[in-house]
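All chains should be modelled from the sequences, with the hints used to inform the complete structure.
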Amino acid sequence: MATTSEVRGERVQARSPRRSSLKTHQTRTAYTFLLVPLLFFLVVRFLPTLMALRLSLFDWNILKEVQPYVGLDNYRTLVGDERFGQALRNTALYTLIGVPLQIVLGLAVALMLGRVRALRGLYRALYFAPYVTPIVAAAWVWQWLFSPQFGPVNTFLTWLHVPPQPFLTSPNQALATTAGLVVWQNLGFQIVLFLAGLAAIPRSYYEAAEIDGASPWQSFRSITLPLLNPTLVFSVVTGTISYLQLFTQVVNLNFTDQGGPLGSTMTVALYIYQIAFGRYQMGYASAITVVLFVLILAITLLQLRFLTRRYEA
Amino acid sequence: MNRTLTLAALLSLSAASAAPVTLTYWQYDFASKVDTMNKLIQKFEAQNPDIKIRQETFPYDAYNQKVASSVPAGQGPDVVNLFYGWLPQYVDSGYLQPLPAKDFPAAQVDKTFVPMVQTSKIGGQYYALPTAVRTLAVFYNKDLLRQSGVLTPPRTWEDFIAAAQKVVKGAPPRFTTLGFGIQPDGQDYHVVREVLVRQFGGSPYSKDGKKVAYDSDAGQKAMSFYTDLFTKYKLGTPNFFPGNNSYRDAFIAGKVGMIIDGSFAVGTIQKGAKFNWGVVPLPVLKANGVRSNFGSYWVNGITKNAKGDKLNAAVKFLKFLTSEDTQRTWLQSVGEIPASKKLSNDPQLRRDPVYGPFVYALPFAHSTLFVDEAGQRKAWVDAINTVILQNGSTANAVKRAAADEQKILDGYYK
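So the protein lines, in turn, are chains A and B.
Using the numbering used here, the first residue of the first sequence is number 1, and each one after it goes up by one.
Using the numbering used here, the first residue of the second sequence is number 1, and each one after it goes up by one.
Note that these hints are calculated values from the structure, not bench results.
Honestly, I wouldn't trust all of these hints.
[Stated by the list, open to error] Pulled a few chain A residues facing chain B out of the computed Cβ check, cut under 7 Å: (1) P166; (2) T169; (3) P261; (4) Y280.
Even for Gly, the Cβ is constructed at its ideal location relative to N, Cα and C.
So, in structure tokens, the structure goes:
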């Protein structure tokens with residue numbers, strides 16, 4: 001308590017002119033220190049982004065000695081590129097399946113865990129384990145689980161008299177099976193987020209609602225959901241971004257990084273990788289990178305605007 | 001004053017010419033290759049005291065990328081080990097220099113090396129030469145075949161299908177044992193393109209390699225024949241085991257009767273397989289029918305970095321690497337078959353139970369000139385998958401592969 005009042009006292013005093021010069025000095029020092037991360041971001045983040053923009057205007061193949069300027073040609077090629085179209089559709093599908101699923105499941109599990117008294121830590125650890133497991137290892141476990149021949153999932157299905165499924169080896173099921181891995185891995189993180197969000201809602205609100213005779217569903221709709229809004233917005237936005245950049249799971253789950261049978265699990269990020277490091281067409285790969293960047297930016301801005309407004313009203 | 005300067009200059013010049021030339025050699029990291037090369041380098045340096053060789057290796061997955069990115073930087077090796085299929089790109093970029101004609105006359109190379117090496121001749125000039133080559137053959141699990149009542153390994157495709165049908169257990173998608181370890185993106189797509197198309201009387205590409213020629217009757221028959229192994233005869237399923245070498249791993253685990261693989265797989269199978277296994281040549285359609293095989297190899301080339309004294313040293317080193325002595329050492333310690341016609345005609349080698357079938361195929365092995373190896377493979381694998389995974393028609397599949405691959409070729413030869 002004593003420290004708080006001291007700090008407050010200092011703030012009040014800071015308004016005097018002599019103190020204000022000290023404050024400018026402090027600010028200056030702060031900015032000098034901030035200059036280091038700022039420079040770092042400029043050199044490591046923004047400069048490469050701008051260079052990618054420039055590169056996308058050239059037919060830049062690292063095996064060629066001459067890298068001719070081609071203007072918007074790379075973007076024009078992109079319009080007629082079927083494989084890019086497929087990658088884009090797949091990426092959209094991943095996002096549309098994955099984000100809502102992991103939020104609903106994450107919230108459901110978090111609500112249940114909030115009620116569990118015994119072995120609480122163990123349950124949380126169990127759900128969090130996949131998130132900290134290396135993706136490559138998780139992918140191998142997933143491949144085994146869903147192996148058409150030896151997988152326990154098919155054994156279980158046969159038990160229920162459902163015919164065995166081809167899963168990752170089928171162009172129709174590979175994407176959903178891959179999305180399943182991503183959801184499973186992200187679930188732990190979602191749960192931790194929601195547990196924190198739920199803990200921040202004061203108990204007294206629920207008690208008041210109970211006294212007023214509100215049903216559990218009513219208090220969930222009118223108290224939990226609105227007060228959880230910041231957490232939800234965060235989950236939707238960061239979740240969407242991570243799905244739009246999906247790469248590692250797809251590479252490790254679908255053989256020889258071809259993006260699954262008939263390209264059915266190919267994502268935009270994997271396509272960029274193939275074009276850049278398989279064929280060395282850096283210019284074309286940069287053009288796709290720029291498109292992906294613009295898409296992510298637009299979607300994120302839309303989500304922030306739409307989601308926050310809706311609950312503020 | 002002037003005299004001392006001249007003297008000093010002369011002294012430093014003579015010192016420079018006496019200093020040994022150091023060459024950098026790059027290859028990918030494969031234990032037996034690296035060890036053998038270290039021993040060969042010792043031998044070469046003993047014979048040429050004025051040349052020093054520095055070997056640098058990189059993981060296989062990053063190798064092509066590493067080589068490619070050293071081009072624009074003007075760094076990297078003087079002598080480099082490359083997959084033959086990458087040559088067009090490296091020649092095109094001006095990264096490799098043609099082998100000096102006086103040291104490696106094209107006619108001489110044509111005569112002394114096995115025919116498929118001619119794929120490395122671009123515009124009448126050789127740009128690189130191999131120490132060893134690889135072909136395909138059938139690996140079979142002797143124990144599994146015998147238990148299923150197959151006493152002689154197959155010679156024709158008819159035998160092959162009959163034998164595989166006796167071995168296979170289970171039904172799609174739940175097999176427990178495969179008759180044939182089918183895997184389109186393993187070596188199988190080479191089999192369809194370079195073996196089956198030719199066996200059905202066609203030719204996969206035009207003479208200059210710029211036009212796809214398998215969109216033909218022979219191409220259709222080859223595609224139907226191969227996909228029938230999956231759809232009609234149900235001999236196995238792709239990706240039976242997880243991972244990139246699914247068919248080979250499953251074979252080593254004793255779960256597969258037969259696979260088609262390259263001589264480069266001998267070492268891995270020898271080390272891993274805990275059962276009796278054997279090798280037979282790729283089947284033919286009927287006795288005395290057309291024989292064909294797909295051959296591939298890694299070549300050594302001289303980069304544009306090697307000039308003057310370095311170039312002379314590089315030529316000496318390359319002559320050493322492609323000599324018969326080196327080829328013999330390579331066979332004994334790496335297990336790849338010699339690229340020299342003379343050595344591969346050696347009766348003892350041809351009778352070898354493991355290497356014999358691979359050597360047997362050398363005279364009629366074809367290697368494809370890839371301009372985009374990954375892209376060209378994808379074109380085929382996707383076409384095959386439309387048939388076996390989506391019940392597509394084989395006619396459309398061949399058309400699709402041809403169109404996709406022609407687009408890649410056109411993009412390169414424009």
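Verification of the supplied hints:
1. P166: At 5 Å from the nearest chain B Cβ, P166 of chain A passes the 7 Å test, so the hint holds.
2. T169: Constraint on T169 of chain A satisfied, holds at 5 Å.
3. P261: Given a least distance of 5 Å, the restraint on P261 of chain A holds.
4. Y280: Given a least distance of 6 Å, the restraint on Y280 of chain A holds.
Figure legend: structure checked against the earlier numbered hints; every hint is met.
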